[in-house]
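Visitor: Line by line, the protein sequences are chains L, R, A and D. Counted from 1, the first sequence has number 76 at position 76 by the working numbering; the numbering is strictly sequential. Counted from 1, the second sequence has number 32 at position 32 by the working numbering; the numbering is strictly sequential. Counted from 1, the third sequence has number 30 at position 30 by the working numbering; the numbering is strictly sequential. Counted from 1, the fourth sequence has number 138 at position 138 by the working numbering; the numbering is strictly sequential.
Some hints here could point you the wrong way.
To be verified - Pairwise CB distance ranges (calculated):
no.: 1; chain 1: L; residue 1: 194; chain 2: D; residue 2: 29; range: 50 to 60 Å
no.: 2; chain 1: A; residue 1: 204; chain 2: R; residue 2: 12; range: 20 to 30 Å
no.: 3; chain 1: A; residue 1: 153; chain 2: D; residue 2: 41; range: 42 to 52 Å
no.: 4; chain 1: A; residue 1: 53; chain 2: D; residue 2: 120; range: 44 to 54 Å
no.: 5; chain 1: A; residue 1: 201; chain 2: D; residue 2: 192; range: 44 to 54 Å
no.: 6; chain 1: D; residue 1: 192; chain 2: R; residue 2: 37; range: 49 to 59 Å
no.: 7; chain 1: D; residue 1: 29; chain 2: L; residue 2: 110; range: 35 to 45 Å
Rather than coming from a laboratory, the hints here were simulated on the basis of the structure. Every residue gets a Cβ at the ideal spot worked out from N, C-alpha and C, and that includes glycine.
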Amino acid sequence: MLEADNLECVRGERRLFSGLGFTLDAGELLYLQGRNGAGKTSLLRMLIGLLPPETGEIRWHGKPIRKQADEYHAALCYLGHLNAIKEELTPLENLLAAARLAGEALSEDDAIDALEQVGLAGREDLACKYLSQGQKRRVALARLVIDRRPLWILDEPFVALDVAAVDWLAGIISGHLQRGGMAVMTTHQPVAIPAGTVRELRIG
Amino acid sequence: MIHWNSFSDFLAMGGYGLYVWGSFGVTALIMVIEPIAVARQRKTTIARLKRQLRAESRSTEA
Amino acid sequence: MNDRFNLYRFSSPATFYPLAGKMIPWFIAAGTLLGLVGLYIGMLVAPTDFQQGEGYRIIFIHVPTSWMSMFIYLVMAFWAAIGLAFNTRLSGMMAQALAPTGALMAFLSLWTGALWGKPMWGTWWVWDARLTSELILLFLYIGYMALVAAIDDARRADKAGGILLLVGVVNIPIIYFSVKWWNTLHQGSSVNLTKSSMAEIMLWGMLLMALAFWMYSIAVALARVRTIILERECHTDWVRAELTGGKS
Amino acid sequence: MSNIVFSVIARDLKLAMRRQADIVSALFFFIIVVSLFPLGIGPELDLLRQLAPGVLWVAALLATMLSLPRLFADDHRDGTLEQLALSPHPLGLVVTGKVIAHWLVSGLPLALIAPVLGIQFDLSGEALLVLTGAILLGTPALSGIGAIGAALTLGLRGGGVLLSLLVLPLYIPVLIFGAGAVDATVSGLGGEGHLSLLAAMTIAAIGFAPWASAAALKIALE
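Only chain L is shown next, with the shape it has when bound in the complex:
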């Protein structure tokens, strides 16, 4: 269970939000909404533990996340607006390296399967710098196909995806919720997620 309590965010001299709180249980999805600059990304960075909140606390299973950073990060999968893939490596190498750094066992076959699912079959061995922007995004999304960690935090995951890919990703997320996972994501245009409880939180 993820709990946020009385969070306040100050960037520079501006207070973006304060008194923000929510709880998230297994199988639930939290949509964060708000205009540009309202602090959606800042809130996500607080939730992944990289930005300490000015006041308030975030708890994972009842314990503050800053007191259990390593355990919390082992349960957390974060997808930012940057793809976090290396241009010099192939999609397959990127996926394997990401899994290894996250401390997850991933076989080569599973990785190839995941890349096929995101429509990169036959490009596993091409360095990512030769891929298009959309294809690079798919390499990043392929991590979600294989990820079994309970908490997903996604920053604008639907941006720059075509209609088919949006449907596919919605399916992946609802599969995650059905397995009892949780997800927090920001988005401009809410996308229907077939399964799980969807909640909304408006910032600013």
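Chains R, A and D: place on chain L using the hints.
Guide: Coordinates of chains R, A and D only, in the frame set by chain L:
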């Protein structure tokens, strides 16, 4: 009590005048310039903040 | 219970700002007084050194500035440690306010050292452990100021500067001893900085001058930190009141 | 625990191998700088022998500096650094891996080429051996200390120049003992003392620097 016989003796510093007065002079110069710089910076900062404050209050009134 | 010893109260910029303002004149007065007495003793009363002639009088500036340059760095590192450990706002501002004064002290120490060295050793510069360490200390001050100036976000600047200060404080003794060892391994240096027979009166003059420099540094740093506080806290109500109240 | 260190080393080495031009250009920079000195000073062998340790070490410092700005900047730009910070291991271990990888592609090649350059300066066989050993022992400390500077200047304007300003003063002990080891050997005093001090500094730097860098990286990622 006073160690020097004449003022010119004092200035000459037993032949070390250049070095002694070079040290004391530069030190004195810096100890004058630094407080002035701090005071000026304070003045410009306050002026800037006041301008900023005025601009803000005008924009909230409007 | 006792309000005067409540550290948290004094670490709040809103309380510290007027307090600093009240303290500055006292430090200026004490510094001027000590400086005048120190100069009177050092320049007018103290006798000639039988080895170094009148040129030794440079040490009345050289030694205090060297002490201050090192001491200020230690104080900055202390504030950095406090700031990183307790996340207090004031400590980073204090470190930043001290840095320019520390750098100037390091520069003065080198400048007066060179002017002392030319007549005494016949050369402006010797690669002696103390001189080299002082030079590196100046570089560290400049590096700190450059780093803090390059970071736009004030809190981030405080923290990054704090890490640099702590790394530097670990390194200064290492640098000092490595240069010293390097120097003794080269052919024996003819430089001997120990002043064996310093008359008591000279010692008094030097101590008074050191105290005067101390007071000066505190006064300048406090004045500077007041400006930094105004700048950083300009979104708070008390700074607004301070600015519109016409008091400057 | 140590698994993460090896994973990071393996990843960074693979990346470096895909971008060999970087390693090669740092190496050529080292060679060219060292070769410029005899041209500037003149061909007297006695003088060159005396200058060789200092020249080689200063050039090694500068060559190591070249690759430092990119130590974290590439990972920062593409978002990988965030993912590294989110790995379920202390960030200090991740940085340890990156520091070791940095040394393998920057310090190690310098040590391997240094004896060849030492010959240009007419160093004896024993001195060449000590020179190689000193660069092998000392350059890991350069990578470690450099990582702190790279982390502190991450994402800043003019970060490269600032990085040199921060890091070069801290490199001085390594320079002194690295060059001193060769000096002492040339003058017949034996460089063992210097080499063991260099080793101590490297151990201290590898143990301490990654954690200071990790703290600086966390600030940069806020």
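Visitor: Hint by hint, which ones does the structure fall short of?
Guide: none
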